[in-house]
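Those protein sequences? They're chains A and C, same order as listed. Note that my numbering has the first sequence beginning at 1, numbered continuously upward. Note that my numbering has the second sequence beginning at 1001, numbered continuously upward.
These are calculated hints, taken from the structure and not from any lab test.
Below, a list of computed lysine-lysine pairs in the DSS-like style, where the Cα atoms sit at most 25 Å apart:
hint, chain 1, residue 1, chain 2, residue 2
1, A, 436, A, 386
2, C, 1321, C, 1436
3, C, 1321, C, 1386
4, A, 386, C, 1150
5, A, 150, C, 1386
6, C, 1386, C, 1436
To spell it out: a stretch of chain A is covered by chain C in this simulated footprint if at least three of its residues, at any positions, have a beta carbon under 8 Å from a beta carbon of chain C; those stretches are:
hint, stretch
7, 116-126
8, 178-185
9, 200-211
10, 222-235
11, 375-388
12, 419-431
Glycine included, each C-beta is placed from N, C-alpha and C at the ideal position.
There are 2 protein chains.
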Amino acid sequence: MVKKHSGMNGQGSRFNRRAVRVEEAQRRVLEAAAGQVVGSELVALHESGGRRLAQTVTASSDWPPFARSGLDGYAVRAADIAEASPEKPAELRVVYEVAAGQVAPAALQAGTAARIMTGAAVPEGADAVVMLEQTAEAMLAYGSRAVLIKRAGAAGQHIAPCGEEFRRGGVLAVPGTLVRPGHVALLGTFGYAEVAVRKRPRIAVFATGSELLAVAAQLAPGRVRDSNSSMVAAMVHQSGAEPLLLGALPDELAAVEAALAEAWESSDIIVTTGGVSVGDYDVMAELIRAFKDGSGVRTKVQLSSLQSAAERPASRLLFDKVAMRPGSPTSAAVIDGKLLFALSGNPGACFVGFELFVRPAIHLLLGVREALPTVVRARLLTAVEKPSPHDRFVRARLVIGENGMLSADPLAFAKSSMMASIAEAEGLVIIPAGSKGAEVGEAVDVILIP
Amino acid sequence: MVKKHSGMNGQGSRFNRRAVRVEEAQRRVLEAAAGQVVGSELVALHESGGRRLAQTVTASSDWPPFARSGLDGYAVRAADIAEASPEKPAELRVVYEVAAGQVAPAALQAGTAARIMTGAAVPEGADAVVMLEQTAEAMLAYGSRAVLIKRAGAAGQHIAPCGEEFRRGGVLAVPGTLVRPGHVALLGTFGYAEVAVRKRPRIAVFATGSELLAVAAQLAPGRVRDSNSSMVAAMVHQSGAEPLLLGALPDELAAVEAALAEAWESSDIIVTTGGVSVGDYDVMAELIRAFKDGSGVRTKVQLSSLQSAAERPASRLLFDKVAMRPGSPTSAAVIDGKLLFALSGNPGACFVGFELFVRPAIHLLLGVREALPTVVRARLLTAVEKPSPHDRFVRARLVIGENGMLSADPLAFAKSSMMASIAEAEGLVIIPAGSKGAEVGEAVDVILIP
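Please put together the full structure from these sequences, using the hints given.
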């Protein structure tokens, strides 16, 4: 057990946590994560969807690489059909055909046409394609074939010129881009059979709290199951990273230090839940305080395997209180160069802390350019009648109305522990510090949740 | 090579494709996929995120399972602090403490208090919790401890009563639900260490077209790389299914028949790209025609390994033309009970065909209740000045304005082959059949794209 601090002094140091504003806390996280982009790996193109690019993608050729027929029909010289009409169709001798994948045996001469298929290379000499449906076949003397063109056409019709869509060397996507199906199409077109993507950052996750049981365990008096570890694992997956679950630990400093050391060895970021409040057994808060006592100063907490971590400039507290609800005790530190997030054990606060701080940090490690959450404007469908001295993040459902207006419908905002609303939430409505809440119809900022 | 049909008769039968409206085509797909839900499998809770539930999730206990303290402080009897004030604090003898995970040794008597931590079980007899910050410690005679409560409190404060959030047996999520992090938290809370989720449907994918090269190949005159297979694979992954890539095939009936047979054996749905138009070598169109010649009638196409498939009632054409742009030749059939989608080889049309028909079919196999794409209203940011006799699906970026209004910005709508816009698209603007396009500011329906 953590040594209990009794008397007012002990409590005093425990309460001596200065809240920073959310933006400042985020700034500190992003600054600490800067330059920590993880390495890259090559994956097969068809497995690159959903990953983050680690390379610049450029066009390896002009595209289309040749003048392509846009449909099935006949390649012609536009001059030959300039006057064609249903009454007076142009009759052109069919000299060859070009299937997709083939090339014409010769340039197309005046007065002739070539049967051509969608996607085939337009023969030299031809400068228009006529849709099959606007033609009829005919026979000429001596059994040679002809085509009747019943409509006038112009040069260029139904032809995609070489290089129309892309020029060789043009940049198609930059590092950090999320690979969507359309990117996969581009990569395939330009011959990227393998793609350099960011490795999945490894995120160590553990929960602290002597009340915690494994999910598989039977309930016992006073005990609850550790649901946060699995929830955080799901959020880590969603962020494009790989969770390493280290389990639920009792509120014992030695156990938590050992887990931290293991996490530090095996991961890029460490996320813990619980133990960050002002309670007598809040072991994460206890550990975090160590970083506060100043660099170069020997701290009272011994990080056994990370000895003197707090003495190195690479170890420091980022914040141990954030001016927000829920989740004000959310804390973050750098331990010997690695980010540690100590999230609240309250599931709702844990969820908000992840969205505001952990997901952006993972994004930075993945080289994502806009790492912070996306914020949009919406109208409130239900009032939030709860004043708060701090920014409040209210889980909400999002609705796009008949008129195209985005609305946010707050879910059970009064109780941040209301777990059901986490599953339903599509956004976090931001109620700014100092307001008395927000009225129905008021315009609010909303953080989009994946 | 497919036997070439020369003369007007051959062309006539090829053009004899009756377009169905998109809604009708979707209806036929959903009807054909109904009842084909794939089997389930158990996965570890922390790996269940992003999967589709195959079970109903219920609360296995009341929640909280006991009256829980909402914060760190003192459990008291509200009657004892009803009159407390800074000037006249209530002084209560501290009889024990309850850490999270512990249970009180005895019921709380009048005039006493128990130190209690966040999440701990509130002792019997206590009916309020006082925040630590509103208390001070004191010493009584003979060294026993006391606490001074400086503020009046009411019964129930800072206590979450047993069963406040959930009642045992209450339904938390139904089959088909996408497991989000919040669901994982619920599942963990109620002891679901393993979760029954739908298996990933296996989607066989191949491309047809003699012009197609493998992605890894060097370009050659008249040839292009098969980018559709990998794009479709990425979309299949995105839909929660597993792609089986069978490669790019030349326009040869025997090769395609063999691939179809292999696909049929190994997959739940077959998706092909290319070869659906009216060209002379459009082998998928050729195959699809076989299903049109009526059930019970011997067709001219021999599906070698699927002999007489067309003779079985379980094999039938669903549609071979859809009244839409791009992608009008998009076709679908049921082959011996399995869905076959023959998408256009044009990447933009292939993309739209997947969103409109294949993703909903995969959703049905996953047991998703609302299988069709989500449609929202938005204002157009740029005019679509292109009349169309058919519904047109225009790729667009989506923007939520300062006023909360959703807008759609069409991307290069004129050329459905413009691949760059696939990667950027967040929605498909629907320009209804018969309209002359759409004006700036006009309200339009938009299909959301993942």
